[in-house]
Amino acid sequence: MTTLAKARAPALRSLLRHREASVLIMLLAIAAFLAFSNEYFLSSRNLLNVGRQASVVAIVALGQALVIIARGIDLSVGSVIGVSAVVAAVVLEGTGIQPLGIAVGLLTGLACGLANGIMVTRLRINPFIATLGMLSVARGIALLVTGGIPVMFTGWAEFLGAGRIFQIPVSFILMLILALAIHILATRHRLGREIYAIGDNPKAARLAGIDLKKTRLFVFGFCGCLAGLGGVILAGNLASADPNLGMGYELDVIAAVILGGTALNGGRGSIIGVVIGAMLMALLNNAFVLLGISAYWQVVTKGLVIIIAVGIDGLQRREDDE
Amino acid sequence: MQAAARQGEAQGDGDNAVPGLPFVRLRNISKSFGSVSVLEDVSFEIRPGEVVGLLGENGAGKSTLMKIVSGEHAPDQGRVEIEGNEVQLASVGEGIERGISFVHQELSVVGALSVAENLSLGDLPRNRMGFVDRNRMRDLARERLARIGAQAIRPEQEAGLLRAGEQQLVEIARAAARNPKLLILDEPTSSLTPREVESFVRYVEKAKAAGTAIIFITHRLDEAIRLCDRILVLRNGAIVSEKPSVEVTRDGIISDMTGKPAMFGYARSPEVSDRKVLSLRNVSDSQHIEGITLDVAEGEILGLFGLVGAGRTELLETIYGARPTTAGRVEICGESACFDKPTEAMAKGMAIVPEGRKTAGILPQHSVRSNMSISSLDAMSPGGFVDRGRETAQSSSYRDSLSIRMSDDRQMIGTLSGGNQQKVLFARALMTAPKLLLLDEPTHGVDVGAKAEIYEIVSDAADKGLAVIMASSEIPEIMALCDRVAVLSMGRLVGIVDRADLSEERLLSLAFEGHA
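Protein sequence lines, in the order shown, are assigned to chains A and B. Just so we're aligned: the first sequence equals residues 1 to 322 in the UniProt record's numbering. Just so we're aligned: the second sequence equals residues 1 to 516 in the UniProt record's numbering.
Rather than coming from a laboratory, the hints here were simulated on the basis of the structure. Where hints are given, some of them may not hold.
[As the list claims (entries may be wrong)] Taking lysine-lysine pairs in the DSS-like style, the calculated list, with each CA pair at most 30 Å apart, reads:
#1 Lys203(A) - Lys206(B)
#2 Lys348(B) - Lys214(A)
#3 Lys213(A) - Lys341(B)
#4 Lys348(B) - Lys464(B)
#5 Lys208(B) - Lys348(B)
#6 Lys213(A) - Lys203(A)
#7 Lys348(B) - Lys203(A)
[As the list claims (entries may be wrong)] Distance windows between CB atoms, simulated:
#8 Met129(B) - Ile25(A): 57 to 63 Å
#9 Gly248(A) - Gly389(B): 54 to 60 Å
#10 Ser91(B) - Leu42(A): 31 to 37 Å
#11 Ser403(B) - Leu42(A): 57 to 63 Å
#12 Ser91(B) - Gln298(A): 50 to 56 Å
#13 Gly303(A) - Ser32(B): 52 to 58 Å
#14 Val240(B) - Ile312(A): 40 to 46 Å
#15 Gly78(B) - Gly311(A): 34 to 40 Å
#16 Ala74(B) - Gly248(A): 46 to 52 Å
#17 Asn236(B) - Ile25(A): 40 to 46 Å
#18 Ile129(A) - Ser32(B): 30 to 36 Å
#19 Gly84(B) - Gly311(A): 43 to 49 Å
#20 Ile129(A) - Asp229(B): 56 to 62 Å
#21 Ser108(B) - Phe36(A): 52 to 58 Å
Ideal Cβ placement from N, Cα and C applies to all residues, glycine included.
Same shape as in the complex, but just chain B:
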């Protein structure tokens, strides 16, 4: 087995020169879980040195398909061929032995270990005494990080202290270090800064040239079109289109994914009043943000842009009282509002849709209805007892107004798709009738269809007079929604861009201010 695999590797370049023999070929794959059919008759192949983009809404079956390729799931029907031979992978380990590496969307670095240890996990270099060879491990880590252009990460650092984007890079470096013949990347760039994306792209190009086949799951359409040779769109467990990327368009992909024509790209016509809802004067926290001064008016959507680590989340959390303000003044509608805890901020009319749906958003063992009402229990509990009639009425009203798709609001929140879960979190925030809505990466990991709907929710909220602050790392999102954009760099406010001057270049050049 091993010998055959190595031989294959040796021929890698040759295969690349003669495109014809696919590395992996799937034939008529079907898979269902219980009574739910997830994949139906999917056939697909990828050749060495080819980069394929796999697109589709959440729940379309992308992850399941990739889990079958990587050996995590066995198909119910159909065949998997690797280098022309039919195989039945029994585990992920077997897949890795065959040269298939899968970088999952969920981060799985070991937080308590150093970056270097994470990168050598399972194969720690040892010295003659049998102890871990720390120097060698550090050198290996440097080399592995440099390979994907992430040399900025220090190997000695504790992995858990890295930002989400950096953790993602560590995982990619770990997968790349195995010299895989097929590398599967699930949303690899979702938390990366533009600069990190650039180095990552260079790595992809190098790996491609060396004959690595790459499958790319992403929600970022432009990136997929730019990076991939071929784009594959899955919908409801079947492949609905497969085209070379030079032939596809953004709108075409969206309509393939959703079955509907593209819906966003609109601009608002803001009627911003001059009544200030929130004023910050020289606000700092203990370490992440410094001297921030800005105002948000009724009916305004203020974007908060910056690279990962610029302090966007920290600023929102400071405003919201989830993080102590160490200096400066926060005022809400003219009243001083330095809060110690979110409870107080909420009582003064703030609400948040936090970053990290799973970790900081949903209550996973609660129903959809309880998830929506949890912030509004005070208002709907006269005498302390929850008025269940009112709770049900509110829930169904938001279900309609935000078009949250579910069969029953008593079903567990985990049974909804990511986009619908996110809309439930919007319902939770809006139900408190806030004056100021704080949004942190509101469409992270949400499919295109739901994204457009969320943009409408945000825009409607502002039209009704809410002040909105939206932190986002996606420039198209900022461009589509924001009336003004505050750009942070390394914890400081480096500029506020008005709608008229708004452009991708302007935002990025500000965001990089102060960076070497």
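Pulled out of the complex, with its shape left as it was, chain A reads as follows:
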């Protein structure tokens, strides 16, 4: 048995490296194809636009990645994006205090995330079901708060969502900073190490002295908070908070995480991979626009991408089991 494992180890490791590399290759291949087929693609305006589109998915995917690495899943991120944006916009409208508006957006996301975390850790509800419930509850609250009508959301949020520094979208810069910070958290910080450990083997991690509940609560709260930030950026870009904002985003976000090489059964994944995965999703969206293909096909393709990504993950896992 040991010898078998020994023989497999280098192959497995190169496969893991290969997983991140394969997404990168896919990204470059699509980029190259688009560069040849559409002259507008390589224009800085378009590329920066893709970067801006990728940034919200990537920011939320950073939180989602930690949740999935810890062997959970958060299906509610799309609705949390919506409710955070709406609540932030309503508070801003009422008070006129810019920082308060942003803070309320983040805190609304955090509150939703913590609620998810409490449902999972205290009530022992399966994360899939807990966050599926939250998906509906958060969306409903967004609709109730606004009566279904979009609220104006300008000022700081607009800067975050649509502003540029030296031509580069603020949201893209913010995404890169967050990705770097979370990468360091995941690889160097004690908390990051514990997140990987509880995803890898929760029972062993608990006996090794890791506080499972606290760590799980953190990842769900953190993911919610990042979804709140995503909501502020997304609404700021449109200068308006629509209660339907972020609908269906959970699909893009989870697809980005899985494409980036994170194992759905936890314990394995990289932050850099997640960013590449989010870029790939944004590039796919861009491709449909540039090539003038029906938006309906885009919906079909997104679904297929996530199925194929998880399918590859499953095939690999089966090999691991043997």
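Since the structure of chain A is already known, use the hints to place chain B on it.
Frame of chain A, contents of chain B only:
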């Protein structure tokens, strides 16, 4: 094919009377995985009615050899003959058709099904309507369990709720029910109670008399010598000795297995201080243990013995905060210590090496280094960021002091042998600098060489002043290490035996107290 096989079965008794025609014969088998050669030129045969013990350290190639016999792997070179005909088994299913059944070490009962359903899996008895005939299924299950002496297991019970040993018996019963001509058992007795072992031995003797060939993989040398006709020792993929069991000795086998002379059997000279590290007063949990009172002193190794299900693991988990204490008092160094979670217990100076390396011990997708340091991250992360220099230094220091064999501490833990993985778990626990070390079956499924090394680790830890509680079902292990032994029976403490009075009979008679 089928007809020929049946004919063979009919002649089974005749073959037994004329020992000569082997049931299975392997000739010059070689097998490698990738660049790693696992078996080299192995030849071996077994006759009907013969019991052969297959011994060897982890990684010696025992499992691979048996997987070739059972049809799971095909050899790279060499021939497999069954009843004199060369065969190429394409799958385990084909092996079973030929009369070869393999009970693996890893338990594979379906937890959500009843024992009876597990025993009839793949061949559920049906009534005239085509529905499952539950009565018939239950009767079959009773009969199959009784055959191996496990009639104590109720067929209606959900298999997942059974203890590990009972699950093992269910699997043996399932294999035995196929009336195999060759039965391969991988560590069949590792979780069985002495009494279960006795009934199992009676089954082996009966099956042998009926002409079944049996191959027995085990780490329990005495049992192998007692049960087998012939002992085969594998080392590094080759057979290093093959002798009738009347000619072998314990020490001889160990030196064959390891290539080194036997190393354990030592006794400690304990200098137990009277400073109590842990005190339990009337401790109970919700259902498994009741009213336990005991003390452990600095530098003492307290053994925890009992039959499977006596509450050894549950007691350790209660002390460690992994299971709620419902009554009584736990004190560590005089301070009250009723913990809700292991995190708190660890902060107060406890550490555990749990039972079940794969399920509760290792982090399989982590490196050796991360596996070692995971419990000590708090201490080695000033400001929250892990000091990787300190982590590496600690890892290499434990690698040396516990002689953990690996090429690089960044390699995945799964690439180490079982014994070395276990030593990594010891490193994890010791790295937290605990006052109290809890060990649950610390050498389960570990080869003889590593066992001796682990005994030394435990003994050294106690010499340095650690209080150790070691739960074990292996009496030789308890005898080799413990200064005192607390014996549990059905969740209660039935006695504490001092070193001077320690004997196998005393432990067993206490352990059976309260049992019918």
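Going down the list of hints, with the structure as the test:
1. With a C-alpha separation of about 41 Å, the suggested pairing of Lys203(A) with Lys206(B) is violated against the 30 Å cut-off.
2. As the CA atoms of Lys348(B) and Lys214(A) are separated by approximately 19 Å, the hinted pair is consistent with the 30 Å bound.
3. A hinted pair counts as satisfied when its Cα atoms are at most 30 Å apart, and Lys213(A) with Lys341(B) qualifies at roughly 10 Å.
4. With a CA separation close to 18 Å, the supplied pair Lys348(B) and Lys464(B) stays within the 30 Å bound.
5. For the hint pairing Lys208(B) with Lys348(B), the CA-to-CA distance comes to about 54 Å; that exceeds 30 Å, so the pair is violated.
6. Between Lys213(A) and Lys203(A), the direct Cα distance comes to roughly 12 Å. Compliance with the 30 Å bound is thereby established for this hinted pair.
7. Straight-line distance between C-alpha atoms of Lys348(B) and Lys203(A) comes to about 20 Å, which keeps the hinted pair within the 30 Å bound.
8. At roughly 58 Å, the beta-carbon separation of Met129(B) and Ile25(A) lies within the given 57 to 63 Å, and the hint holds.
9. For Gly248(A) and Gly389(B), the hinted distance range of 54 to 60 Å is not satisfied, since their beta carbons lie about 46 Å from each other.
10. Checked against the hint of 31 to 37 Å, the pair Ser91(B) and Leu42(A) fails, with Cβ atoms roughly 55 Å apart.
11. Distance hint check: the CB atoms of Ser403(B) and Leu42(A) are about 59 Å apart, consistent with the given range 57 to 63 Å.
12. In this structure the supplied range 50 to 56 Å is violated for Ser91(B) paired with Gln298(A), their Cβ-Cβ distance being about 45 Å.
13. Taking 52 to 58 Å as the suggested C-beta distance range, the pair Gly303(A) and Ser32(B) does not conform, at roughly 43 Å.
14. The hinted window of 40 to 46 Å between Val240(B) and Ile312(A) holds, with their beta carbons roughly 44 Å apart.
15. The beta-carbon spacing between Gly78(B) and Gly311(A), approximately 38 Å, falls within the hinted interval of 34 to 40 Å.
16. The hint said 46 to 52 Å for the Cβ distance between Ala74(B) and Gly248(A), and at roughly 50 Å that hint holds.
17. A hinted range of 40 to 46 Å for the beta carbons of Asn236(B) and Ile25(A) is consistent with their spacing of about 41 Å.
18. Remark: the range hint 30 to 36 Å for Ile129(A) to Ser32(B) is contradicted by a beta-carbon distance near 47 Å.
19. At about 47 Å, the beta-carbon gap between Gly84(B) and Gly311(A) stays in the expected band of 43 to 49 Å.
20. Remark: the range hint 56 to 62 Å for Ile129(A) to Asp229(B) is upheld by a beta-carbon distance near 57 Å.
21. Restraint check, Ser108(B) to Phe36(A): a C-beta distance of roughly 54 Å satisfies the suggested window 52 to 58 Å.
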